[in-house]
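Asker: Line order of the protein sequences matches chains A and B. For the first sequence, the tail end lands on 99 under our numbering, and the numbers increase by one without skipping. For the second sequence, the tail end lands on 420 under our numbering, and the numbers increase by one without skipping.
Keep in mind that the hints were calculated from the coordinates and are not lab data. A couple of the hints might just be wrong.
To be verified - FRET-style restraints, in silico, Cβ to Cβ: (1) A:Q23 with B:R226: 39 to 49 Å; (2) A:S33 with B:V232: 31 to 41 Å; (3) B:S346 with A:A43: 21 to 31 Å; (4) A:T47 with B:P350: 40 to 50 Å; (5) B:L208 with A:S36: 41 to 51 Å; (6) B:S298 with A:Q23: 40 to 50 Å; (7) B:P189 with A:Q23: 49 to 59 Å; (8) A:Q23 with B:L354: 16 to 26 Å; (9) B:P350 with A:I30: 18 to 28 Å.
Claimed, not checked - One side of the interface only, derived from the structure: several residues of chain B facing chain A at Cβ under 10 Å: (10) D31; (11) G41; (12) A52; (13) V157; (14) G158; (15) L165; (16) K288; (17) A292; (18) S315; (19) A318; (20) S322; (21) F342; (22) P344; (23) K347.
None of these values were measured; they are calculated from a predicted model. Glycine included, every Cβ here is placed at the ideal spot set by N, Cα and C.
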Amino acid sequence: VTQSRRNRWIMGSAISLAALATAIDHTHHPLPQAVVKQTTTEQPSQDGVSPCGLGGDSEVSPCGLGGDSEDQNVSPCSL
Amino acid sequence: MNAVAPPLTSDKPVAVVTLLGVFALSLFLQHAFNLHQAMVFLLGVGLGISLLHASFGFSGGWRQFLRNRHSAAIRAHLWLFGLTSLLFFPVLGHVFTGVHSVAALAPVGISVLVGAFLFGIGMQLGGGCGSGTLYTVGGGHVRMLITLAFFIVGATLGSAHLHWWLALPNLGDVSLIARWGWVQALLLQLGVLLVLYFIVRSLERRRYGSLVPLTAKTPNLSFTDRLLFGPWPLAWGILALALFNLLTLLIAGHPWTITFAFGLWGAKIWTALGGAASSLPYWSHGYPAQALNSSVLADATSLMDFGVILGAVLAAALAGSFAPESKFKPYDVLTAILGGLLLGYGARLAFGCNIGALLAGISSGSLHGWLWLVAGFSGAWVGVRLRILFKLDPPLGVAQ
Chain A
21 VTQSRRNRWI
31 MGSAISLAAL
41 ATAIDHTHHP
51 LPQAVVKQTT
61 TEQPSQDGVS
71 PCGLGGDSEV
81 SPCGLGGDSE
91 DQNVSPCSL
Chain B
21 MNAVAPPLTS
31 DKPVAVVTLL
41 GVFALSLFLQ
51 HAFNLHQAMV
61 FLLGVGLGIS
71 LLHASFGFSG
81 GWRQFLRNRH
91 SAAIRAHLWL
101 FGLTSLLFFP
111 VLGHVFTGVH
121 SVAALAPVGI
131 SVLVGAFLFG
141 IGMQLGGGCG
151 SGTLYTVGGG
161 HVRMLITLAF
171 FIVGATLGSA
181 HLHWWLALPN
191 LGDVSLIARW
201 GWVQALLLQL
211 GVLLVLYFIV
221 RSLERRRYGS
231 LVPLTAKTPN
241 LSFTDRLLFG
251 PWPLAWGILA
261 LALFNLLTLL
271 IAGHPWTITF
281 AFGLWGAKIW
291 TALGGAASSL
301 PYWSHGYPAQ
311 ALNSSVLADA
321 TSLMDFGVIL
331 GAVLAAALAG
341 SFAPESKFKP
351 YDVLTAILGG
361 LLLGYGARLA
371 FGCNIGALLA
381 GISSGSLHGW
391 LWLVAGFSGA
401 WVGVRLRILF
411 KLDPPLGVAQ
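Assemble the whole structure, with the sequences as input and the hints as a guide.
Answerer: So this is what it looks like as structure tokens:
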């Protein structure tokens, strides 16, 4: 029981520390600054396209390489 | 009629606090960003609950097969690959006009080969894969915190070296859907998965004379209790993970991915400590640069990772298994560190982990996912033997 309680404290501390770090990072950036382009969430309703996807111009999606090629579309999948 | 066993005693304080935290963060994301960010986070929560309740891991399952020919976990993985392929291929083949989702494509080359091999070793030494590390951390396993910390270090190191690895020979992106069309590619892929399924199935049956069914349920619980408190049979895990993967593809616009966030967190910490992560090629342009210079809550991968951890905390609390007692063996810390480093570095080189490269790659019809499977499994074979060397496991042939 003591060891389990110690583990709970360790886990609680780790999660609290992560939450604090996230809050510090978040407040260091201007808002709102979603990585998903505003246009990709708004455009679909204008164009009759589903709001689900990121659209073809997924330069700001994490599903690509983001490698050396400047013109390469990137997204987080393969990052 | 079988008697229905009562569920384990839930850890109510942890469950309530976690539930409130999930609710509060969802509202905050909706307010500070948009509904999309909140939904992406909640998808992660759903995945975390599913992973923990079904104990759906890759490293332990592969080890069970390599050591003892127990194939239940691998059969579950193959089912998951097949089901997600069935769901993804029509979407990525543009059958549904108006749905724009991108596939997880990456170059088929040396970086994937080396990266997945290292990852395979790391997942055995570290005790978890990409998804496994997250959900076991959520489950309160302290050793996995060490693995996760060095996973982050490894991913950050990998991002610093990636440009060098990318310069090595590769075939570029190879999409089976683009080459053959989604129907033919799907049939081919399902055929290969079926062959693999029967191979692993026959290997287990040859040794034991029978198979552990994927629908095995222990203990005996009512449907509602099992759904809320677990444990789930593997079949439930397959269905839930396939469903959440499809929702991720449709809502996030790309398949589920995990390890980009680890490198991002590492780069942010490095920057906070005075480093110049943004000067590295990987972090200097495209999505990585934008993610580095934005709030971590703007990154969909980070949100899903947070969701998986919190979902697993919630599920473990409901199951009454949060933060279990753990006994550290002499080499535990060393192997957690080494495993974490290999996991992170390997994932970066291989364009993702067992989720972002293996599951997402195969489900997207990308050849790099298949290369990842071969290299990762080979690495796991080495890792299983290294575990014996480090006295984490008994020699082969001796029961664990």
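Asker: Compare the structure with each hint and give your call.
Answerer: For each hint, the structure was consulted:
At about 42 Å, the beta-carbon gap between Q23 of chain A and R226 of chain B stays in the expected band of 39 to 49 Å. The hinted range of 31 to 41 Å is satisfied by S33 of chain A and V232 of chain B, whose Cβ atoms lie roughly 38 Å apart. Between S346 of chain B and A43 of chain A the Cβ separation comes to about 29 Å, which falls inside the hinted range of 21 to 31 Å. The supplied range of 40 to 50 Å is met by T47 of chain A and P350 of chain B, whose beta-carbon atoms lie about 43 Å from each other.
For the hinted restraint 41 to 51 Å between L208 of chain B and S36 of chain A, the CB-CB distance of approximately 49 Å keeps it satisfied. With their beta carbons about 43 Å apart, S298 of chain B and Q23 of chain A fall inside the hinted range of 40 to 50 Å. Remark: the range hint 49 to 59 Å for P189 of chain B to Q23 of chain A is upheld by a beta-carbon distance near 51 Å. Distance hint for Q23 of chain A and L354 of chain B: a CB-CB separation of about 21 Å, consistent with the stated range 16 to 26 Å.
In this structure, P350 of chain B and I30 of chain A meet the distance hint of 18 to 28 Å, their C-beta atoms being roughly 20 Å apart. Look at D31 of chain B: its Cβ gets to within about 9 Å of chain A, closer than 10 Å, so that hint holds up. Because the smallest distance between the Cβ of G41 of chain B and any Cβ of chain A comes to about 8 Å, under 10 Å, the interface hint for this residue holds. The beta carbon of A52 of chain B is positioned within 10 Å of a beta carbon in chain A (closest approach about 6 Å), and the interface hint is therefore held.
With 10 Å as the threshold, the beta carbon of V157 of chain B comes within range of chain A, its nearest partner Cβ sitting at about 8 Å, so the hint holds. Nearest Cβ of chain A to the Cβ of G158 of chain B: about 9 Å, under the 10 Å cut. The hint holds. At its closest, the beta carbon of L165 of chain B sits 6 Å from a beta carbon of chain A; the interface hint therefore holds under the 10 Å criterion. Among the interface hints, the one on K288 of chain B holds; its C-beta lies about 6 Å from the nearest C-beta in chain A, closer than the 10 Å criterion.
Interface hint at A292 of chain B: satisfied, since its Cβ lies 8 Å from the closest Cβ of chain A, which is below the 10 Å cut-off. Because the beta carbon of S315 of chain B sits about 4 Å from the nearest beta carbon in chain A, less than 10 Å, this interface hint is met. Annotation: interface hint on A318 of chain B holds; nearest CB of chain A at approximately 4 Å, less than 10 Å. For S322 of chain B, the suggested interface contact is upheld, since its CB lies about 8 Å from the closest CB of chain A, less than 10 Å.
Interface hint at F342 of chain B: satisfied, since its Cβ lies 7 Å from the closest Cβ of chain A, which is below the 10 Å cut-off. Given the 10 Å rule on beta carbons, the hint for P344 of chain B holds: about 7 Å separates it from the nearest Cβ of chain A. The restraint placing K347 of chain B at the interface with chain A holds, with a minimum CB-CB distance near 8 Å, inside the 10 Å limit.
Of the numbered hints stated above, none is contradicted by the structure.
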